[in-house]
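K.L.:
If you want the building blocks of each chain, they are given just below.
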Amino acid sequence: MTYEFLMASAIGVLVAGGVYLALRARTFQVVLGLTLISYAVHLFLFASGRLVLDRPPIWDAVQGGALAEYTDPLPQALVLTAIVITFGMTAFVVILALRSFLETGSDHVDGDTVPCDSQDGMADGDAQP
Amino acid sequence: MAYPLTLLMLVALPFVAALAIALLHNAARAVHSGIAAGASALGLVLLALLAGPVLGGAVPSASWSWVPALGLDLTLMVDPLGLMFAGLILGIGLLVVIFGHFYLYTGEATGRFFASLMLFQGAMLGIVIAGNVLLLLVFWELTSLSSFLLIGFWQHKAEARQGARMALAVTGGGGLALIGGMVLLGVVAGSFDLATILERGDIVRASPLYPAALGLILLGCFTKSAQFPFHFWLPHAMAAPTPVSAYLHSATMVKAGVFLLARLWPVLAGTELYTGIVSSVGLVTMVFGAGVALFRHDLKSILAYSTISQLGLLVMLLGFSLEAAALAAVFHILNHAAFKAALFMSAGIVEHETGTRDIRRLGGLAKAMPITALVATLAAASMAGLPPLGGFISKEMMLYETPEVVLFGLPWLVPVLATVGATFSVGYSLRLAWHLFFGRPREVEPFKRAHDPGFGMWAAPALLTVLAVLLGLIPMTLAAPMVGAVTGAVIGAPAPEFDLALWHGVNLALILSAIAVAGGVLLLWRHAGLLALWERAPLPDAKRIFTRTMGFADKWVRKALVATHTPSLQNMLLASFAVIAALVIEGAMTGGGVLTGSRPGLPASIPAIVAWTLLIAATAAVVNDSRNRFRVLIYISVIGLVVSLAFAQLSAPDLALTQISVEVVTILLLLLALNLLPKSPPLLSSAPRKWRDGALAISGGVLVGGLAWAMLTRDPGPSIAAYHLANAKSGGGGTNVVNVILVDFRAFDTLGEIIVLGIAGLGIFALLETTAVGEAGRRLRGWRSDMSHSPERHPIMLVMASRIILPLTLTVGIYLFLRGHNQPGGGFIAALVVAVAFLVQYLAAGFDWSDKRRRFGEHRLIAWGVLVAMATGLGSLAFGANFLTSTFEYFSLPLIGKFELASAMAFDTGVFLTVFGAVMLALAQLSHIAQRAARAATSQEDTAL
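Protein chains in written order, with the working numbering: chain H, 1 to 129; chain Y, 130 to 1074.
Watch out, some of these pointers could steer you wrong.
Computed cross-link-like contacts, SDA-like style, restricted to lysine to any residue with a CA-CA straight-line distance of at most 20 Å [unchecked claim]:
1) Y:Lys858 / H:Asp110
2) Y:Lys858 / H:Glu69
3) Y:Lys858 / H:Ala61
4) Y:Lys819 / H:Asp110
5) Y:Lys496 / Y:His481
6) Y:Lys819 / H:Glu69
7) Y:Lys981 / Y:Val997
8) Y:Lys981 / Y:Ile934
9) Y:Lys577 / Y:Glu480
10) Y:Lys577 / Y:His481
11) Y:Lys858 / Y:Met1034
12) Y:Lys819 / Y:Asn700
13) Y:Lys858 / H:Asp60
Simulated from the structure, these hints should not be mistaken for laboratory data.
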């Protein structure tokens, strides 16, 4: 087991879960899906600087400015802004979903009040009691 | 005074005035009109300083580089043509401001009025003194926009809104064509500098692109100057307040097209194509407008159609491609500006003092309002082209030129039609004056009300009429130097010999002129019969055609949209994901399809493997259990925690801090939103659909995971990290390289980002602020808590603990902020930590308690944050460095010792304020809504009990 494998597989799992949830019909599920995809994207961006242990990009007079002594700071800076922007986006989407629910009475992403697959019959037994 | 400064002030003054008026919008009317008049007067003084050199042959100009890559420079230049137009814009602008001060009724939004007026004035000035055609386009668009505001000033009137919209659609559409034309022109001429283009007329006319450029530019000019068949917006623009009409339709807006034709005369004129199109369009417009004006009843409508006709005359003269005709056009521009502004103002006075503009209800007003009658009659006489007024001379000059031009191979066509147009002009001018001021009053009520206004209101039209008279009596003294110089500027060569005089002996022009006057009198005499005839004729209504065309376009755009765009998020996302997956596969194939590279891996520790297992399990739980929404939030926070641990482990302490604090805020937000959303809704998706989505999701996961694996097992390419590491301390003054990148190397990104975050915060505010009304409000009031609550709303333990935590968390926040430049921390993280500290108060003690103790406004925080960050960036410009260059210095204080102060710290403060403001705005607003709903629910339960 290497860190690389853990990182790559985690990214894959997060993307798979995120894509599946983003394709669901309820706004809240889509928000969750976006959140999972965001985690994956952040990790992926971060991983583009490659994985390095115990060499944070904090400049040190002893080590000087040699590149080999530190991990790549640029992906970190990019991911930092990405995390904050993701918060802004998530917040906005959540509120949009809330507003759309309050306006239409439905939390379906396409604003449908009827179930989209009603012709297939709501076969799932675990519908809301 | 140096030219550059004068020119810059000249064009900046109206904009500054507009801003000042807008800021003082609550002040008295006199303040608004005072600022506007002061700016116009000061502009006139500046122009007067330039007038001497300009008429002496100099062309004051100044240029600043703006967007050199596009050829867009801020070049300003005043030649005689620009000087004359600038004089008209400022002079008539000043008079209109004075007139408008008295015209507007009490309680009207004078601030908005004068601010828009000044905005418009600035835009017009910009057009006439722009020395770069791209700059000219910028101002051109500004006139369309600001005239939209002016025409639609009375927003409560439907016809004002429609008129404004129509004007914007037509002139804005023409503006688009003009952009195309100007770009072509610049490409052909090899420069966007106006002076250069003017010298390259031969190259332009010889180019194969000339017809296209000409057509597009003419479209822009014709729409702006209301030439047939684009004339229809102008009469509908009469829904504007009369001072606006007087300004826009005498000397400015509609003259912009004429100005541009004159400006580009040396480049475009002279070809058969040009002469054919421009002079025939002008001719048709002149006759058509004059004919319609004869039969309108609304004073302003008559003036509108007469303006169309007069503009047609000017366009036709410029279209003749003759130097003498250009001279006539220049002189007529002066005349028209004087008499038309005077007439519009007189119409405004009549409406103001009688309550109507319908000429059929008025009459005999000369007895009731003699001053207005005198002013308006003289102006109308000039419009009719009667001696000894200025209009007579320019009309003579026009008629004198007509036999020189042969259109469609018919030598008589132009003189005959021009005479017909002149006849109509005499007709409508005489009718206007006669039916309004002479004969008997047609209705009693408006006549009884009628009286002359105060001096303030008639002064401006009177002054203009005096000018119109003097232009006829002493044209050589008053106007000749100006007309000569301007004509020279138009034709790009010394002006031909000319003599502005009332009497040139008996010639063809005089005979045609006499025929026109006689015909006009005849028209007036027989007007009633002709009117009956006109009203029986089936005439197309331009407005209806316009509305139908717009409706048609609207319908088809809608159809095209629906055909190409599925309004289903699910389908769109499905398609997007599928396409991305296909792209990844395609890329992997092209790259050779080798998955694993040669870079050695880092053996993972046991805790790392445990954390990884947690993450996988939590993700599976989120997907599996996504309908039990509260539980899902716990799984999500597990994932977030593992991600931040990963960052901490893999040498990214800043990211770990950011991730963990964002996590807390996000979960809080989702909790609050979930409170109002359905908790566990029924399933919607069918099994096949789930299988399909599941397959796509898994292949997506495998692909992205594989991509990450392929990347991680290969060595990175050359990185720019070395630069950042080497210069962080010496150039940016900080040892935390990530933070230095954020606030220094890539500070522009950060600036954009905090602006986006601020906008998101404000957007959330806007979305939630309006939930109290309408359907959403009804639903919110009907909200019922569907969960069991703790009997104690605010447990005392939690409340007390949160109050102790507050100062501690704040201290941590400040600490993180201060050390951010050198150690993990910084504005982002500190803002999130401080926001969490406050949100905990909301959570523990309730919205009401916390809100009462809150001392800051989130909107202000966002605004100040962005402003502080911007100001820091701009500050470096003052020292000659690039935008957002940071600087730092070491200071020493007793006790504390040596410490460093970087300008990046100020930038980080801006980041802090914006992030904090946006987060607080979003969450506080949401909890406010939730609180309101909960309170409504509780009170209803109480009453039910």
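K.L.:
Quick one, are lysine 858 (chain Y) and alanine 61 (chain H) close enough, alpha carbons at most 20 Å?
P.N.:
The hint holds at about 9 Å.
K.L.:
Tell me if the straight-line CA distance from lysine 819 (chain Y) to glutamate 69 (chain H) falls inside 20 Å.
P.N.:
This hinted pair is violated, its Cα atoms lying about 48 Å apart.
K.L.:
Checking one constraint from the list: CA of lysine 858 (chain Y) to CA of aspartate 60 (chain H), max 20 Å. Satisfied?
P.N.:
Between lysine 858 (chain Y) and aspartate 60 (chain H) the Cα gap is close to 9 Å, so the pair holds against 20 Å.
K.L.:
Take the C-alpha atoms of lysine 858 (chain Y) and methionine 1034 (chain Y), compute the straight-line distance between them, and say whether it is at most 20 Å.
P.N.:
holds, 14 Å
K.L.:
Assess, step by step, whether the Cα of lysine 496 (chain Y) is no farther than 20 Å from the Cα of histidine 481 (chain Y), and give holds or violated.
P.N.:
holds, 17 Å
K.L.:
Given the hint that lysine 981 (chain Y) pairs with isoleucine 934 (chain Y), test it: the Cα-Cα distance must not exceed 20 Å.
P.N.:
Holds, at about 19 Å.
K.L.:
Between lysine 858 (chain Y) and aspartate 110 (chain H), does the CA-CA distance stay at or below 20 Å?
P.N.:
violated, 52 Å
K.L.:
Mind checking the alpha carbons of lysine 577 (chain Y) and histidine 481 (chain Y) for me, to see if they're no more than 20 Å apart?
P.N.:
The hint holds at about 13 Å.
K.L.:
Would you mind confirming whether the straight-line C-alpha gap from lysine 577 (chain Y) to glutamate 480 (chain Y) stays at or under 20 Å?
P.N.:
holds, 13 Å
K.L.:
Verify the proposed pairing of lysine 981 (chain Y) with valine 997 (chain Y), using a straight-line Cα cut of 20 Å.
P.N.:
violated, 27 Å
K.L.:
Verify the proposed pairing of lysine 819 (chain Y) with asparagine 700 (chain Y), using a straight-line Cα cut of 20 Å.
P.N.:
holds, 14 Å
K.L.:
For the pair supplied as a hint, lysine 858 (chain Y) and glutamate 69 (chain H), is the alpha-carbon distance within the 20 Å limit?
P.N.:
Status holds; Cα separation ~15 Å.
Of the hints listed earlier, those the structure fails to meet are numbers 1, 6, 7, in rising order.
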